[in-house]
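Okay, here's what each chain looks like letter by letter:
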Amino acid sequence: MNLGWALTLLVLFPLLGIVVLAFMPKTAEKSIKLVGFLATLPSLLLALAAYLHFKWGKDLADFAVTHDWIQFRGMNADEPYFSVNFELGLSGFQLILVVLTAVVATLAAIASKYVKKEWKGYYMLFLLLETGMLGVFTAENLILFFLFFEITLIPTFFLIGKWGYFEKEKAAYSFLIYNGLGSAVLLIVIMILFAKTGTTNIEILKSIMADPSAPLSGDLKLGLFIALLIAFGVKLPIFPLHSWMLKVHVQAPPAVVMIHSGILLKIGAYGLIRFGLGIFPEQFEKLATLLAILGVINLLYGAFLAFIQTDFKMVLAYSSISHMGIVLIGLAAMNEAGVQGAIFQVISHGLISALLFFLVGVLYERTDTSLIENLGGLAKGMPIAAGFLLAAAMASLGLPGMSGFVSEFMAFLGLFNELPWVAAVGTLGIILTAAYLLRAVLGMTFGQAHREFAGIMDLRGVEFIPVVVLTFLIVLIGVYPSVLSAPLQATLETIMLGLGG
Amino acid sequence: MSSIPASAFLALALILFCIGLYGALTKRNTVIVLISIELMLNAVNINLVTFSKYGAAPSIDGQVFALFAMAVAAAEAAVGLAILMALYQRKKTVHIDEMDEMKQ
Amino acid sequence: MMENAWLIPLFPLVSFVILLLFGKRLKEAGAYVGILMTLASLVFSILVLFERFSEPSYIQKFEWLKIGDVSLTAGFEVNQLNALMLFIVSLVSFLVHTYSKGYMHGDGRFPVFYAYLGLFTFAMLGLVISPNLLQTYMFWELVGLGSFLLIGFYFYKEEAKAAAKKAFIMTRIGDVGLFIGMILLFWKTGSFEYSEIFSAVEAGGISQTMITLTAILIFIGAVGKSGQFPLHTWLPDAMEGPTPVSALIHAATMVAAGVYLVATMFPLFAASKTALLTVATIGAFTAIFAASIGLVQTDIKRVLAYSTVSQLGYMMLALGSAGYVAGVFHLMTHAFFKALLFLAAGSVIHAVHTQNIEEMGGLWKKLKWTAPLFLIGTLAISGVPLLSGFFSKDEILVAAWEGGHPILFVLALIAAFMTAFYMFRLFFMVFTGEARGNQNHVHESPGSMTLPMLVLGVLAIISGYVNTPWFGSFLGDWLVDGNEKLGHGHMEGPIWIMIAATVVSLAGIYLAWLIYGKRSVSRNWLSGSGDTLHTILYNKYYVDEFYQMTVVAVTKGISYFLRFIDVFLVGGIVKGVVGFVQGLGATGSKLQNGQVQTYAAVAFVGLAILTVIFALTGGYLQ
Amino acid sequence: MSADTFQSINWSILTPEFIILGVIAILILLDLFMPKTLSRKILGWIGIAAILAALIFTLNMAGGPVRTILDNTFRVDSFAIAFKSLLLVGAALVMFLATSYETKAGLERYEAEFYYIFLSALLGAMVMTSSGDLITLYVGLELLSIPSYILAGMRKFDSKSNEAAMKYVISGGISSAIALFGMSYVYGIAGSTDLIEIASKLSMLADGQQAYLLGLAFLMIFVGLAFKISAAPFHMWAPDVYQGAPTPVTAFLSVVSKTAGFVIVIRVLLTVFGAAASNGPNSMPIIMNMQDYIAVIAGATMIIGNVVALKQSDIKRMFAYSSIAHAGYLLVAVTSLSANMFYSIWFYLLAYLLMNLGAFAVIQVVSEKSGSTKIADFAGLYRRSPVLAVAMGILLISLAGFPGTAGFIGKLNIFAGAFAGDPHYVLASVMIATTVVSYFYYFGVMTQMFFRPAEDESKFNLPFGIIIVLIVAVAGSILFGLMPNLALDFMNNHLDILNDFFGQ
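Sequence lines, in order, name chains A, B, C and D.
So for the first sequence, my numbering puts the first residue at 1; every next one is plus one.
So for the second sequence, my numbering puts the first residue at 1; every next one is plus one.
So for the third sequence, my numbering puts the first residue at 1; every next one is plus one.
So for the fourth sequence, my numbering puts the first residue at 1; every next one is plus one.
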C-alpha cells in the first residue's frame, strides 16, 4: 500500500488554504479566521491518521514518496547528473513531530483569534509557515529539508514584524539574521556533502558516512559536524547563540510564539538528532562531553536568568533556553535513555510552551500586560486560567505525571551513566526551574491583587480547546509515555546502531 | 629598420599608457581626461602594431585590430564629448570634480 | 482483596476529577463526594490490611516505559509496611475529609479544597503502594504538589504564597538528592524495583562507597520531605494552609513519607554503617533542635509544627539506630496523636479565630469536647505512660541505646523532656487560666469536627498496645516477618530506659505546670523575651535568615552576574559584529565620493596591488 | 571578396543579428518620417516584436552543430545560443519597461531614439556572444558600451542623468583601454586574434617568461572587464550611474550589460587562459594558477557590494550594490572552474535577470509616482498596492536567495561547483556570510513595504508593460525555483557548452 500521496497532501494542504484565502475579501474577519482554522484541520486529521496507521501495526514506510525533482549537471564532465529528488517520508520520530506540529498549528490557529488587523495576510503566512514546518519534518533529503527550513523563516519574519508588539521589527530582524546565519552554515554543510557524495538523501548519506572508504576525511567530517552544531545551535538555541530568541519570545504575537517555541525551536533538536547523530555519529561521540557541558550551561544559564526577569514572557524565553539544555544533555549521553529523553523533551516542551504562551496570550488580551508584578493576584479574577497556568508551570518544572518529568528523567538517567559529575551539576537546574517558575507563576496568580480584576473574563468558549487539548496531551505523555516511546523504538535502534552499540 | 628593438616600442606604449592613465586620473578638465583616454587607447594601438610586425608570430591581425580600435575610440570620444556638451549646458562647467551630485 | 489494592488510590483521584469538573455546581455538597470516596479507600485499606495479616505480600506490575532493552514498570505492591501505611493514610484522610466539612464551611472555594484533598490523598496512597523507586519518586513529587496547593489554598495571602513556594522548593532540593540517588542505583543495579535493588545490594556487586552515597542521597530526599534539619524551614511555614491540611499532610502523612522512604529502603541503609549513622545523627539533632524552638513559639500551629519536626527526627533516629520497628511504630502513633492535636488546634482556632496562644486561655470550659481530646493528644505526645506515644517513644530510646549511640540517646531524652514541656505549655496557655483575648463568640465545633477527633483520640490512647513489652509485640513481629534484615520485632532494653523516659516527660509536664499552670515560677526565670537565648530560639536560630543571606543571595548574585554577561558579553559581541559590518558599509559608502577619477583610481590601485602580488610571488599565489 | 565567396558564406546564422539591425534601420527611418505628434510607443512594440523574433531564431539554432563564418570571427555555438537567448529575453523585458516609462524629465521627445539606441546596444551584446575573435569581441563590446553611454544620458535635461553618462563614459573608456592593453599582449604572444588559434598556440607555450607576461595580461584584461560586470575593483561607477540613469536603462545596465560582460569574461578567460600553458606545453593552464586572484576579486566584490548596500537610502543605489554583490556570486562560479560552471552561471544569470528586472519594474512604478528614488518611498506599499508589494516581496526573496525561488537554485548550483573537486571553503563561506548580510537590506525594503505606514495612500495604475514584466519575473522566479529543470534541461539537452570550450 503506498500512501505517499497522503503525506504529500498532509504537507501541502495548508497551501490550499492560502489559495482559498487569496480569493476572500480582506475585511471578512470572521470567515477569514474560520477558513484559516479549517485549513489546518486536514493536515491534523491526516497526521492523526498516520499515527493510527502506525498504531495498528502497519509500516510507516508506506508513506514514503519519491519524485524526480532537480537534476544537476555533474561536477566533472564525465560524471552523470546529480539528482535531488522530491522525497518525503515518515519514521516514528518524524511521525510524532508531524503530529505535534499539526496539533500545535491547529491550536495556534485558534489562538490567532486575537489578531487585530490584516487577518488575510496573517493567515496566509501562518499557513505557509505550517507547510514549511510539516515539510521540514517529513523531508527525506537535505535540500528539501533546507527548502522547507527556509520557508519557515520568511512567514515567521513577517508574522513577528507585522503582528508583534512594540519592538517587533527589531525582533524580526534578529530572528532573520541569526537564523539566516544558521541556515547559511547549514547550507554549506549540505552542499559540501552533496558535492562530495553526490546525494543529499539522508538515509543514503548515513550509509555512505558509515562506510570507512567514504570520500571524506575525518577532519572534514568533524568540521562539518561542528558547523551543523552551530547551524542547529542557533535554532535550538545553544548558549551563546540565543539572544535572538529572547526578542522573538517577547515581541512576537502569542500564537506565533506558540508555533515558534513549540515547533520552530524543535527543528534545531530534530536536526541535531537526525543529522548530527544520524550522519555523524563518530563526531558526535567525540564532542559528547562538550555537548553535555553546553547542555548544562544552557540549563543553568537559562534558569538563573529566568530567575530575575520581570516580564513573564522573558521568564518563559529563558526557560526555553534552559529546557533545551535538557535536550542537549540527553543527546550528549548517547545512550537509549538519553536520546529518548531528548526526543521526549522536544515533544514535551513543544506542548508545554505552546500551552504557556497561549495562556500568556489570553492574559495579555485581557490585561494588556505580561509583567509579573502587574498581574499579581490573578487567581482571584481568572481562577481557571490561573489554574491552567499553574498546571503548565508544573509540567514545565518536571512534575511527575506530566510530560516534562519523563523527558527530564530520561535525559538525566542517560547522562548519569556517562558523565555523572556533569549530570550532577545539571540537577541543580531542577531546583532552579522550580524556583523561577514558581516565583513567576505565583507572583502572577497568587498574593494580593494589585489591580481590579472586575470585568475580566476567565477562559471561555473556544479558548478552552487549546488549553484542554494541550493539558490532556501533556498528562497523557506523563502518565502513559508509551504513546511516544513506541513509535520511537525503530528510530532509536537505528541511531544506536549508528553509534556502534 | 630593425635597429630599433621591439622592446623599445613596447616601452613607449607602456609609457604612453601610463601617461594617459595619469592624465585620466588627475586632470580636472573633462576634455583632457577624454584625450588622456585616447592616449591610452593609442598606446594599445602601438602595442598591436608592434606585435604585428615584431611579435613572436607576426601577422596582419594586429594592424586590423588597431584600425578597429581607432575607429571605436573615435566613436567613443565623440559620444563622450557630446555628453560633455549636454552636461556643460546644465552645469556650465567642464571640471570633472564638480560632477559629484551623486555620491555615497 | 490485595489484587484490587490499586483501587485504593483511585477513589480519591475520582473525587479530585469530579470536584474539579463539577465543583462549581456541587458547592458544599462536594464534601460528600470526597468523604464517600475516602471512605471507600478506608474500607478497602482495612480489608487489605486484614488480608495481609494472613496472606503473603502481593506485587503486580506492567511495563510503563521502554528504554532500549530496559523496561521500566509501574504497578503496586502490598507488603506489611504498605498495608499499614494504606490504613493510616486512608484513615486520617477520611477523618480530615469529614472534619473539613465543618471547618471549611462557608469558604468560597470549598469544592476546590476538597478536590485538592482528593489529589493529595491519591498521591499519598499511590506513594505507599509503589513497588519501585521510580514510581515512588513520581508520587513523592505529587504529594509535594498536593501539599503545595493546600498550603497555598489561601492564595491571596502573601504569607501563604511565600509558604507554598518555600515548601515546594525546599522539598525539591531534597527530591533532587533522591533523584540522583535513584538514578545512580539504577545504573548500579539495573533496576528501580525495590526487590532487585536489595538483592543486588546483598549480592555485594556494589561498592561500599556507592551504597553509602546512594543511601545518603536518598536520605536527603527524606530530609526534605520530613522537614529534617537543614531542610526543615518550610514545615513551620506550611502552617499557613488550612488546619485540616496541617493535620493530614504536615503531621500524619506526607511528612512521614520521608520516614517511610527510609524504612522502605532500609536494607540499603542497613548495608552502610555510615549512612545509618548519618540518619541517626540528623534525626537526633533535628529532634532536639526543633524541640528547642518549639519552647518559645506563640503560634499554636507553629508549636505543633516544630513538634512534628522534632518527632520526625525521633523516627529518623530510630531508623538510623537500626530500630526499624520503632521508627514505623512511632510513625503510626504519631500520625494519630499529631493529627488529633492539629484537628483539636483547628477546632480551637475555629472557635477563637486566632492562632496566637497569648490571646487564648481559659478555653477548657468552653470547648467541652475539644479540650479533653487535646489533652489526650498532649499526654500521648509527651510520652506519659499507658498512652500510645509512651510505647513508641520508649522503643526509640531503646533502639538508640542498643544501637550504641549514647550521645544520641541523651539528646533524645532531652528532646523528650522539652516535648513534654512545650506541649503542656501549649495546653496550659490555651485551656487554663484567664481568657486573654476576646472570647465572646466562642462555641464548640460541630459534630463533623468533633467526631473525627474522637476517633483519633481513641486511637491515640490505644494504638500503642499493638506493640508493647507487656502485651506482646504484635506489630513488630508482623512487620519484620519474613525479612530478618529489618531487625527484631521488639527490642529488649534495660528497664531503666522506660523509667527515665517516664521521669523526663513527667518532669517536663511539672515544669510547664509550675510556669504556665500554677504560675509559681516566672515565665522568664530561664530566659525571658528579649534575652539572647529567647531571641535566638524565637527566631528559629536564624536559619531562614542565614539561607536568605547565603543561598538566595548567591543565587541572585549569579543571576545578576549572568545577566551582565548576557547583556554585555553576548549582546556586546553581537553588537560588535553588527557594528563592524555597518562601519565597513559606512566606510565603503564614504569612499564613494562622487569623483569618477577616484573610482578609476581605485580600480587602478586594485590592479596595481594584484600585479604587485603577482610579481612578488613569482607569478602565482600559492 | 568575390560574389561566390560572399554567397558561400552561411549568412543565415546571423539571422537574429540581421533582424535587430534591420529593425534599427526601420525605426530610425520611421522616427524620421513619422509626424512629431504621433506617439512613439508603437516603435517600442516593433522593437519588442523584433527581439522576440530574434529570440525564436536563436532558440531554433539550439542543438545544432557549431557553425562559424568569416574565418571564425563569428560563431554560433551552444555558448552563444545560451547566452544570446538570455540577452534577448532580458532585452525584451527591458523594452517592456521602457514602453511604460513616462518621466517628467521629458524623455518622450527622445523616445524613439531610446528604442533604436537600445537595440544597437543589444546588437553589440549579441555580437559579443558569438565572437570567436578578439576583434569582433572588442567591436561587440564597444557596440554595447557606446550606446549604453548615450542611454545613461538619455534624460538630456536632467543633470543627474548627464553626470551618470559622463562618469560612465570615462570609466568605460579607461576600463576598455586597460582590457585592450592586456589583449594586445595576448595578441603579441600568440600572434593571432582568433581565439581558437590563440588557444592552440598558447597551449604549446614553452617560454616561462611569456607565461609570466600572460599572467599580467590576464590581470589587466580581467580588471578591465570587471568594469562591465561591475566587479571590484572596477565597480564604483555603478551606484552613480544606476542612480542617474533612467530606470529602464538602469535595468538594462544591471542585467543585459552585465550578462554580456560575463559572456566576454568567460569567452576570453576560458578560451585563452584556459588553454595557455603555465609552465611548458601541456602543463596546467594559467587560469588554474590565477584562480586565487579571481577568488580575491570575487570575495571583495561580494563583501563590498553587500556591506555598502546596507548604508543606502536610495533604492537604485541599493540595487546597484546588490548588483555588484550578484556579480561577486557569479565570480564564485567562475573561480570554481568546475564543469558545471557554465550551467550555474547561465542559470544564475537567468534567475538574476528575472528577479532584477521584476524589481526594477516595481521601482519604476513607485519612483515615477513619488518622483524620487528613496527607499522610504516604498513605505506602506502593501496598503497601496498589495499586488505590487507581494510581487516585490517575492522578487526580493529570490534576490536574497531563499529556497523556493530561482535565486536559491542559482546559488545552489554555484555552491555545488565551489565545493566540487578542489573545494573553495573560504570563498563559499564569504559568499554565504555576505548573503546573510544582504538579508538586511532586502528585508529593509520589505520592512518599508509591509510594516511602515504610507505617507500617501494613492493607488497605482499599472501600465501593460509593467504587468507583463512582473508576471514573467514573478512566475519565472517561482517556477524556476520550484522546478529548475524546466530551464536546466534546456541546457542539458540542447546545449553542450563544455564541448565548445574543451571539445577540440
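Derived from the structure by calculation, the hints contain no laboratory data.
Mixed in with the good hints there might be a few duds.
[What the hints assert, rightly or not] The calculated DSSO-like cross-link candidates involving lysine-lysine, where the alpha carbons are at most 30 angstroms apart (straight line), are: (1) B/Lys91 - D/Lys156; (2) D/Lys459 - A/Lys33; (3) A/Lys116 - A/Lys58; (4) C/Lys575 - A/Lys58; (5) A/Lys117 - D/Lys201; (6) D/Lys459 - B/Lys27; (7) B/Lys53 - D/Lys156; (8) B/Lys92 - C/Lys590; (9) C/Lys157 - A/Lys286; (10) D/Lys156 - B/Lys92; (11) D/Lys201 - A/Lys26; (12) C/Lys66 - A/Lys170; (13) A/Lys55 - C/Lys61.
(message) For each hint given before, does the structure comply? Return the numbers of the non-compliant ones in rising order.
(response) 3, 4, 5, 6, 7, 9, 11 and 12
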